[in-house]
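Colleague: All chains, full assembly: derive it from the sequences and hints.
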Amino acid sequence: MDYLSKLENQSIYIMREAFNKFENLAMLWSIGKDSTVLLWLARKAFFGHVPFPLVHVDTTFKIPSMIEYRDRIVKEWNLQLVVGMNEAQLKSGVTFPAGRATRVECCGTLKKDALRQVLDKHHYTGVIVGVRRDEEPTRAKERYFSPRDKNMEWNVEDQPPELWDQFKTDFDKDTHIRIHPLLHWTELNIWEYIQREKMPIIPLYYANEKGERYRSLGCYPCTGSIKSKASNVAEIIAELRNTRVPERSGRAQDKESEDAFEKLRRDGYM
Amino acid sequence: MHTTSIPSEQLKIVIVGHVDHGKSTFVGRLFNDTGSLPEGKLEQLQKVAERRGVPFEWANLMDALQSERDQNITIDTSQIWFHTQKRQYVIIDAPGHKEFLKNMITGAANAEAALLLIDANEGVQENSRRHGYLLNLLGIRQIAVLVNKMDLENYSEERFQSIEKEYRIWLKSIGVEPKLFIPIAAKHGDNIASRSANMPWYKGATVLETLDEFKVTDLPLNQPLRFPIQDIYRFDDRRILAGRVEAGSIKVGDRLVFAPTNKSSTVKTIERWSAPSSESAWAGESIGITLTEQIFVERGAVAALETAPPYELTRFKARLFWLGKQPLRMGRPYKLKLATQEAECFVESIETIIDASTLNTVDRPGPDRHVARHEVGELTIRSKRPIAFDAHNEIVVTGRFVIVDGFEVSGGGIVVADNYPRRAADSADLGKNLYSSEGKISAQQRADRNGHQGRVIWLTGLSGSGKSTLARELERELFIQGKHAYVLDGDNIRQGLCKDLGFSHADRSENIRRVGEVSRLMADAGLICITAFVSPYRSDRELVRNLMKPGEFLEVHVDAPLKVCELRDPKGLYAKARANEIPDFTGISAPYEPPLHAEVVVRTDQLSVQESISKILEYLHMQDDDAPIFI
Chain A
1 MDYLSKLENQ SIYIMREAFN KFENLAMLWS IGKDSTVLLW LARKAFFGHV PFPLVHVDTT
61 FKIPSMIEYR DRIVKEWNLQ LVVGMNEAQL KSGVTFPAGR ATRVECCGTL KKDALRQVLD
121 KHHYTGVIVG VRRDEEPTRA KERYFSPRDK NMEWNVEDQP PELWDQFKTD FDKDTHIRIH
181 PLLHWTELNI WEYIQREKMP IIPLYYANEK GERYRSLGCY PCTGSIKSKA SNVAEIIAEL
241 RNTRVPERSG RAQDKESEDA FEKLRRDGYM
Chain B
1 MHTTSIPSEQ LKIVIVGHVD HGKSTFVGRL FNDTGSLPEG KLEQLQKVAE RRGVPFEWAN
61 LMDALQSERD QNITIDTSQI WFHTQKRQYV IIDAPGHKEF LKNMITGAAN AEAALLLIDA
121 NEGVQENSRR HGYLLNLLGI RQIAVLVNKM DLENYSEERF QSIEKEYRIW LKSIGVEPKL
181 FIPIAAKHGD NIASRSANMP WYKGATVLET LDEFKVTDLP LNQPLRFPIQ DIYRFDDRRI
241 LAGRVEAGSI KVGDRLVFAP TNKSSTVKTI ERWSAPSSES AWAGESIGIT LTEQIFVERG
301 AVAALETAPP YELTRFKARL FWLGKQPLRM GRPYKLKLAT QEAECFVESI ETIIDASTLN
361 TVDRPGPDRH VARHEVGELT IRSKRPIAFD AHNEIVVTGR FVIVDGFEVS GGGIVVADNY
421 PRRAADSADL GKNLYSSEGK ISAQQRADRN GHQGRVIWLT GLSGSGKSTL ARELERELFI
481 QGKHAYVLDG DNIRQGLCKD LGFSHADRSE NIRRVGEVSR LMADAGLICI TAFVSPYRSD
541 RELVRNLMKP GEFLEVHVDA PLKVCELRDP KGLYAKARAN EIPDFTGISA PYEPPLHAEV
601 VVRTDQLSVQ ESISKILEYL HMQDDDAPIF I
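Residue numbers (the working numbering), protein chains in the order written: chain A, 1 to 270; chain B, 1 to 631.
Any given hint might turn out to be false.
[Said to hold, decoys possible] Here chain A is said to cover these stretches of chain B; the calculated rule only asks that three of the stretch's residues, wherever they fall, bring their Cβ under 8 Å from a Cβ of chain A:
hint : region
1    : 38–52
2    : 78–84
3    : 100–112
[Said to hold, decoys possible] Calculated cross-link-like contacts (lysine-lysine; reagent style DSS-like; alpha-carbon spacing at most 25 Å):
hint : chain 1 : residue 1 : chain 2 : residue 2
4    : A       : LYS21     : B       : LYS384
5    : A       : LYS21     : B       : LYS615
6    : A       : LYS21     : A       : LYS173
7    : A       : LYS21     : B       : LYS335
8    : B       : LYS317    : B       : LYS384
9    : A       : LYS21     : A       : LYS150
10   : B       : LYS41     : A       : LYS263
11   : A       : LYS44     : B       : LYS251
12   : A       : LYS198    : A       : LYS75
13   : A       : LYS44     : B       : LYS268
14   : B       : LYS98     : A       : LYS168
15   : A       : LYS112    : A       : LYS263
16   : A       : LYS168    : A       : LYS112
17   : A       : LYS6      : B       : LYS215
18   : B       : LYS384    : A       : LYS168
19   : A       : LYS150    : A       : LYS121
20   : A       : LYS6      : B       : LYS86
21   : A       : LYS173    : B       : LYS335
22   : B       : LYS325    : A       : LYS150
23   : B       : LYS483    : A       : LYS21
24   : B       : LYS325    : A       : LYS173
25   : A       : LYS150    : A       : LYS173
26   : B       : LYS47     : A       : LYS263
27   : A       : LYS227    : B       : LYS41
28   : B       : LYS325    : A       : LYS168
29   : A       : LYS227    : A       : LYS62
30   : B       : LYS251    : A       : LYS6
31   : B       : LYS571    : B       : LYS499
32   : B       : LYS335    : A       : LYS168
Keep in mind the hints are simulated off the structure, nothing from the lab. Beta carbons: idealized from backbone N, C-alpha and C, even for Gly.
Modeller: What follows is the structure, encoded as C-alpha cells:
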C-alpha cells in the first residue's frame, strides 16, 4: 500500500471511531487546505455523507473570498454549517491591529474564546480538528484523541497513553475531546493527496499575478503571503519539496514570544 | 542531503533509552547533519539560548514545551520528519524518564524500528533495560543500540565493548537480537551522518546507513481475514458495515462468520466513496461492506471466513504492562478493549509479576497481590461476555488489547498462546467459559452485574406467524451475547401453571394475565423474558403492559397474513379449525386484534428469521442511547 493510502486509511479509521464514540460531535472547518482535506476524508469515511455539523470560527477578519468559498461548498456538498463568533469582543473593538490588543490576545478572544462559546452553546463533547504534528512543535506532541478539561485547557504534561489505535474515549463530564485525524500528515502529504484525489481547494493557495501566494490561511492582519510562482497543485508540490521555510512562517502571532503558541494551545487554541 | 525527489517509502523510528542519555540531542544533531532543519530554526534557538544566558542545546530542537526547555528533559513524545535518498523517516523522540513511561509507550507503539541510546559514561541503566523489554513486548523487532557520549570516555573502544557485552546479555535474556551497536558522540555528530575520525577502530555502519537498512513492516496480507466492525451506517438505502481490514483480504461472495455471535452471511458489495470500485479489499484498508442476508451485527463483531475463525471465549492468558496510577488488582472491574470490542473484565489470577528493568519476579503473595505501575504481569483475564481474539503470535491486531480503569487507558497487553478451545470443536467448551453471575441483592445491582436490565419482549401474532421460532432464536442470540434470557410459551405454561384453562375468551384473558404476572416477576429478577403467545386481545396486552415499569415492556407484532399462516399450519391446527374441530380459533372463528402501537413489527412473510431477529435487536440497541436498559 502506498503511503498516501496508509495515511488516508488511518484518518478514516480515527474519524469513524470518533463518530461512534461521541453523541455530540462536530468538526472544525477553517476553509484552509487541511480541514478541507479532513472534510473530504469524512465523505470517504461515511460514504459520501458528512454526518455531523461543521463549525467555522469566524473572526470577521478572514480573507473575504474564504467566506464566499465556504458558502459555495456548503451548498454544493450539502453540509450543515455552524458559525462561531465572539460578538461581544468584536463589539468592544479590542482587536488587532485597530483596537488595543496584541496579536496573541486577539487570537485568544476571536478564535479561542469564540470556539469555546460555540462548543458550550451546542454542548459538543467531541470536536474533530485538522491539526498536524509537523506544523509546529507543540502540535508534534498531540494525541489523536486529546482531552480538554472544563476550562478547555490542555494538560500537556499528563496526556493519555495512546497505543494500537485504542484511543481515550472514556471521559468525565464537563470535559471534551479534540480528535486529530490528520496528526500524522505533513504539509507535503496534504498537497500530494489533494492532487491524487483531484479535490477542490480554495484558490488563495495559488500564486497571483504579483507572484505571491498564501501557504497558510488565517486572518488578513496576521497572515502574510509568500513569494511564489506556483499556480497549481503540481507546482506547489514541487515548491514544497525544495523549501526549508517553515509553513507557519507567514503567521505573525506565533512570533510574539518564545512560547506564544504553546500558551495559546494550552488554553484551548486549535 | 536535500534532494528534489522525496522517496515515497516511509519508516517510523522511535528513539528510546534512559533519561539524560542524549536522545533529544541525538535527534537534533541528526536533523542538522542531514540538512533537515527548517530555515532559521538553528539561529532562532541559538538566539533564545543567548538571551536566556544558557548554553545552546541540540535537544531544544525537539523539546518544544517551555517546561521541557526549563528542565532539560523530554516530557512527551514528539514526532518529526526527515528523509534520506532511500526513504522518508518519521522520528519519534520518546522521553527517558520513568515518570513518563506512558508517553514512551505511546511513541514506541507506533514505530517499526528503534534506536536505543546508552550513555557511555553512565552505562546500562534501569530504563535502558526496561525500554528494551517494552520494545520487545510492543512487537518491535528491529533495534540498533547507540552507545552515546563516547567523547566523555575518550572514544575508548574498550569502554564501548564492555557496554555492548553487558547489554547484549540483557537483550538475549529477553529474546532480542539487536541489529548492531554503534559508538557515537551525538553532540559532535560522530558516526551519525558521517564516519567518526575519533573512532577509527569502529568499522561498522553509521547511524544513517543503519536506518536505511531497516525494513518497512509488511501488512498482514496473507493471514486469515479479520475485519472488526467499527460501526453500522444507514445514511441512505444501504446498510453498510464499516471497518478496517486488519488481516488478510475480503471479497464479494465470501461467506463470513461474525464472531463472537456466530452469525453468518455473504459479502454482497465492498463499499468505498470516490475511489476505484473493486470487488475485494486487503489488510490496511478502511472500507465498508453490505451483506446479502441482513443479520444482526453490531460494533465489536469480528468478521472472519468460516474456515478460519478467531477464538470466542470469556477467558484468556495475557502478558500485560501496567501504567495506571492505581495498581491492577484481581476481582476489580475493568474495561477491556480489543480491536473494536469492549467488555467488562476481571483479572482472575496473577501468575507472575515482573520488574521489567531487572526481569526479577516480584514476590507479592496473599490478598495484596497486584501489578504495580510500570510492572509487567502474566495473568488470566476473564470477560463478562465472549470476546473474539487470536494469540498475539498468530494474528497481531486481534491478539493485543488495552485495559481501561475508570476513564484512563491504564495498561496494554498481548494474548499469550495457550490451548484455547475452538468454537467448532465443542459447543460445551463455550458454555464452560461463559461467565455466570451470582449474588442476589437489589434490582440495580443485579442489572449492573448482568450488564442489562430485566425486561419483557412480548411476541404477539396469529398461530403459525413464527412467534415460537423467533422466541427460541432470540433467546439463543441473547444467551450468546452473555445476557440472561428465558422463553415462556404454550409448551411450558399451558401444561403447568395454566393447565386449568381452556380457550374461551375469559380463559384466554386469564391465561395472558398469568403469563403477564410471571413475566413481570422474571423481569424484576433481572431476566429478559420472551413470551410467545397469540394473545389476540388488545386489552389483555395493555393490561400486561401496565404491570411493567415504563420502557420495560416491548411489544413485537409477529405479522404474517392469515393465508400464509394457514399455509404453514405447522401443527395442523388451521385444518382442524376449518373443519370445525377446534372452536374459537383465532383468525378463523375468533378475532385477532393487531397492536396499534407495537414497538416492533416483523413481517415474517417478508423477512427471514435472522432479519426478523436483527430488527428486534436493533430496536433494543436504539433505545439503549436514551436509557441504558439494554447494554
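Colleague: If a hint holds in the structure, say so; if it does not, say that too.
Modeller: Verification of the hints:
Note: the region 38–52 of chain B has 5 residues with beta-carbon separation from chain A under 8 Å; the three-residue rule is met and the coverage holds. Residue count for the region 78–84 of chain B with a Cβ under 8 Å from a Cβ of chain A: 4. That meets the three needed, and the coverage hint holds. Counting residues of the region 100–112 of chain B whose C-beta lies closer than 8 Å to any C-beta of chain A gives 6; at least three are required, and the coverage claim holds. Restraint check for LYS21 of chain A and LYS384 of chain B: the C-alpha separation of about 21 Å stays at or below 25 Å, so the hint holds.
For a cut-off of 25 Å, the pair hint linking LYS21 of chain A to LYS615 of chain B stands: about 23 Å separates their Cα positions. Taking the CA atoms of LYS21 of chain A and LYS173 of chain A, the gap is about 14 Å. The hint holds against a cut of 25 Å. Only pairs whose Cα atoms come within 25 Å are accepted, and LYS21 of chain A paired with LYS335 of chain B is accepted, the gap being roughly 15 Å. Restraint check: the Cα-Cα separation between LYS317 of chain B and LYS384 of chain B comes to about 15 Å, which is no more than 25 Å; the hinted pair holds.
Between LYS21 of chain A and LYS150 of chain A the alpha-carbon distance is near 19 Å, which keeps this suggested pair within the 25 Å criterion. Note on LYS41 of chain B and LYS263 of chain A: the hinted pairing holds, with a Cα-Cα distance of about 20 Å set against a maximum of 25 Å. At roughly 19 Å between alpha-carbon atoms, LYS44 of chain A and LYS251 of chain B fall within 25 Å of each other, so this suggested pair holds. Note on LYS198 of chain A and LYS75 of chain A: the hinted pairing holds, with a Cα-Cα distance of about 19 Å set against a maximum of 25 Å.
Distance hint between LYS44 of chain A and LYS268 of chain B is fulfilled; the C-alpha atoms sit about 20 Å from each other, no more than 25 Å. Only pairs whose Cα atoms come within 25 Å are accepted, and LYS98 of chain B paired with LYS168 of chain A is accepted, the gap being roughly 22 Å. Restraint check for LYS112 of chain A and LYS263 of chain A: the C-alpha separation of about 11 Å stays at or below 25 Å, so the hint holds. Simply put, LYS168 of chain A and LYS112 of chain A have alpha-carbon atoms about 23 Å apart, close enough for the 25 Å limit, and the pair holds.
As the CA atoms of LYS6 of chain A and LYS215 of chain B are separated by approximately 16 Å, the hinted pair is consistent with the 25 Å bound. Proposed proximity of LYS384 of chain B and LYS168 of chain A is supported: the alpha carbons are some 22 Å apart, at most 25 Å. Distance check on the hinted pair: LYS150 of chain A and LYS121 of chain A sit about 14 Å apart at the alpha-carbon level, within 25 Å; holds. Distance check on the hinted pair: LYS6 of chain A and LYS86 of chain B sit about 19 Å apart at the alpha-carbon level, within 25 Å; holds.
Restraint check for LYS173 of chain A and LYS335 of chain B: the C-alpha separation of about 18 Å stays at or below 25 Å, so the hint holds. For the given pair, LYS325 of chain B sits about 22 Å from LYS150 of chain A by alpha-carbon distance, which is consistent with the 25 Å threshold. Proposed proximity of LYS483 of chain B and LYS21 of chain A is supported: the alpha carbons are some 23 Å apart, at most 25 Å. Distance hint between LYS325 of chain B and LYS173 of chain A is fulfilled; the C-alpha atoms sit about 20 Å from each other, no more than 25 Å.
Among the hinted pairs, LYS150 of chain A with LYS173 of chain A is consistent with the structure: their alpha-carbon atoms are about 8 Å apart, no more than 25 Å. The suggested pairing of LYS47 of chain B with LYS263 of chain A holds, with an alpha-carbon distance near 20 Å, which does not exceed 25 Å. Restraint check for LYS227 of chain A and LYS41 of chain B: satisfied, since their Cα atoms lie roughly 20 Å apart, inside the 25 Å limit. Of the pairs offered as hints, the one joining LYS325 of chain B and LYS168 of chain A holds, with about 16 Å between alpha carbons and a cut-off of 25 Å not exceeded.
Among the hinted pairs, LYS227 of chain A with LYS62 of chain A is consistent with the structure: their alpha-carbon atoms are about 21 Å apart, no more than 25 Å. Under the criterion of a C-alpha separation no larger than 25 Å, the hint pairing LYS251 of chain B with LYS6 of chain A is consistent with the structure, at around 20 Å. Distance hint between LYS571 of chain B and LYS499 of chain B is fulfilled; the C-alpha atoms sit about 19 Å from each other, no more than 25 Å. Pair hint LYS335 of chain B plus LYS168 of chain A holds up; C-alpha atoms about 12 Å apart against a cutoff of 25 Å.
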